[in-house]
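Trainee: Here the protein sequences line up with chains A and B, keeping their order.
Here the first sequence is numbered in our numbering, starting from 1 and rising by one per residue.
Here the second sequence is numbered in our numbering, starting from 1001 and rising by one per residue.
Note that these hints are calculated values from the structure, not bench results.
Since the model is a prediction, treat every value here as computed from it, not as a measurement.
Certain hints may be false.
Said to hold, decoys possible - Partial selection, computed: residues in chain B whose CB lies under 10 Å from chain A:
(1) Ser1031
(2) Ser1033
(3) Ala1058
(4) Leu1088
(5) Phe1097
(6) Ile1142
(7) Gly1143
To be verified - Footprint (simulated), chain A over chain B, 3 or more residues, beta carbon under 8 Å:
(8) 1156-1169
(9) 1191-1200
Built from N, CA and C at the ideal position, the CB exists for glycine as well.
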Amino acid sequence: MRWLLLKDLQILRRSPLLVGVLVGYSVLVSLVAGLALSSGPSKPTVAFANLVPPEKSRVALGGRQVDATKYADKLFAKVIPIRVKTRAQAIAKVRSGEALGALVVPADVTEKLQGTLGLSGAGRPTVEVYFNADNPLKRQFVQDTITSTLAEANQAISAEVLRESARYLNVIVAGGKVALPIIGSVDILGLRNAQTIVDAARAGLPADAPERAALAQVSRFARLAADNLDLSKPILASISSPVRVKETIVAGSKSSLSAFAAEAAVIGSMMFVALLLAAGMLALEREENAFGRLIGGLVSRTELVAEKVVLAALAAFALTTVMLGILGALIGLDFGRSPLWLMVLAVGSVAFGAMGVAIGGAAREVRSASLAAFVVSLPVAALSLVPSGAVASGVYDVIHVISAAFPFRPGMRALDAAISGGDLLVPLLHLAALALVFSALARLSLRRFA
Amino acid sequence: MTDVAATAPVALTADGVSKAYGDRRALQGVSFSAHRGERIAIIGPNGAGKTTLLQILAGSLTPSGGSVSLVGGEIGWVPQQPALYSKLSVAENLRLFARLERCPDVEATVERMLDQTGLRDRARDETGSLSGGNRQRVNVAIGLLAEPSVLLLDEPTSSLDPRQRERLWTFVSGLAEGGTAVVYATHNVAEAERFADRVLVLADGELLFSGSPRELERTVGGDAQADFESAFVSFLHERGH
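Chain A with its partners taken away, still in its complex shape (with noise of 0.2 Å):
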């Protein structure tokens, strides 16, 4: 075998231009591919699920009533929603992959709510926020959907607070009518009122009167609270999210958008540049004609499957571990996990040779089996790369179960999980099986060959 591959490595070696445009050729397509991933998707899909009990939907915002709702309404013409009843029942959603995210609006959001408007000093209101991150690109968009969302619902909020608030510091230091509930309207004397009552009550009083001291001291701090209050309106502007938003990831990846686009053109570039390899130089060996000569006793059928395998799985992973090892001193991954990475990119180099191998083993020549890997996997990378949300959950189950018999998606989940972290052997185990099947199939197609 390793004159074989000797024999291969030395033919490459004299196709400067194919091995140029092998490498070039992959490297751009994933790149575009990484960078295209990162253009604006179409609305996702979030569940929704309002725990407030309609009675309790509306809050007091200065005078007026709101319905807190309205501000779901908003949510709504950004997204795709399927409403649910439970919190239970969100997560279910997004946990399946039928939604990519879910807001769960609790039932006690309105009361703290009105708390917080009425300056009582009770707990901020939080909703909750569930992600699906299988595809970062899409957690990415579905978490600034939803947050935009509620930051323009605090914007408002805070508005509202800022402007009953410097109402009420108004009449404190200027005196005026406030409206109480039960009581009715109110006469405030004020701070400055107050300041000058007490001031001409001291004019009017001896010099020498005891009390002319005391009413001093009232005078000033009427004067330093009604100057200081003032003050304390920029200090009020300051409260802009009176609403918490609480995230958390149910399913998917914890990898940023850079990772991800990053893990995406690096098992691209292995994909091509393994599958071309491999299915290329096997087919060269008949397109030579010294196919029948090789197997007439000098090496046997599954000698050269795994000879080619090995080629293509050798380039991959020496084009990979190099990319990955530019891009994540780029985008600062984690190189104290680059044991893991390396693990992952021999694995899948393998996997992708053996499918290259097996689509080589029935292709008569080089640009027919060039094709051949070229209309296979490209559908597939596509079909691995399609989120949960994105299509309707029947259409989703099929792509999964047809994108799990391809090496693309497990090399996604593995790299994922070696660089981020989350279950490794899982993917890693996918990949070694699709790796032995596509050996097989391989194998099992030389016998035609002759």
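Dock chain B against the given chain A, drawing on the hints supplied.
Mentor: Okay, now just chain B, sitting in the frame of chain A:
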């Protein structure tokens, strides 16, 4: 049975070899033996099963039935289309196959074959840049690397000019004189007549005749002045092909 066949030991035996592709029977129970030093030409119309039989003898195709047994030694296989790597040089091709053949002294074998094929001055040239004739010489040389006891050639002169053909047959005849059994398929009936001790006539996968060219002519009878090619065509016609 020729003189060579009568006296030399058997080098290769095919016993009831059959090959079917689905319903199509490419070979039907072909049996014969090749003796050391014997030159056997397999002739027959297109689609007779000549290449299939040679591929099975070479071990690159598995028969559907029957068996092939080699009595000691190695089989050298020279397919019709040169089976070599066009991106490798002549010497590199020879070196690769010498290693795969597990020749004990690879470099000495390569040197010997460069001398035998007369391609020493083209040793560093990529085989893709060689003429068809020179590529065929390398192709034959690869088949001879292991110094086989049986040499199988499929249409070995199809891409050669008359001078190159003559040189090839002189070379092959020399090998036969050295004890190598040579089995070749050809469409060139004149070559079979000149360079074969025995001819096997195949038609529709069936072995119709095994004997010397003269015996084939006698089998047909008729015009005593008719040449071997006419006798061969008449033979096929008589047998319904």
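Trainee: Of the numbered hints stated previously, which ones are contradicted by the structure, given in increasing order?
Mentor: Numbers 1, 2, 8, 9, in rising order.
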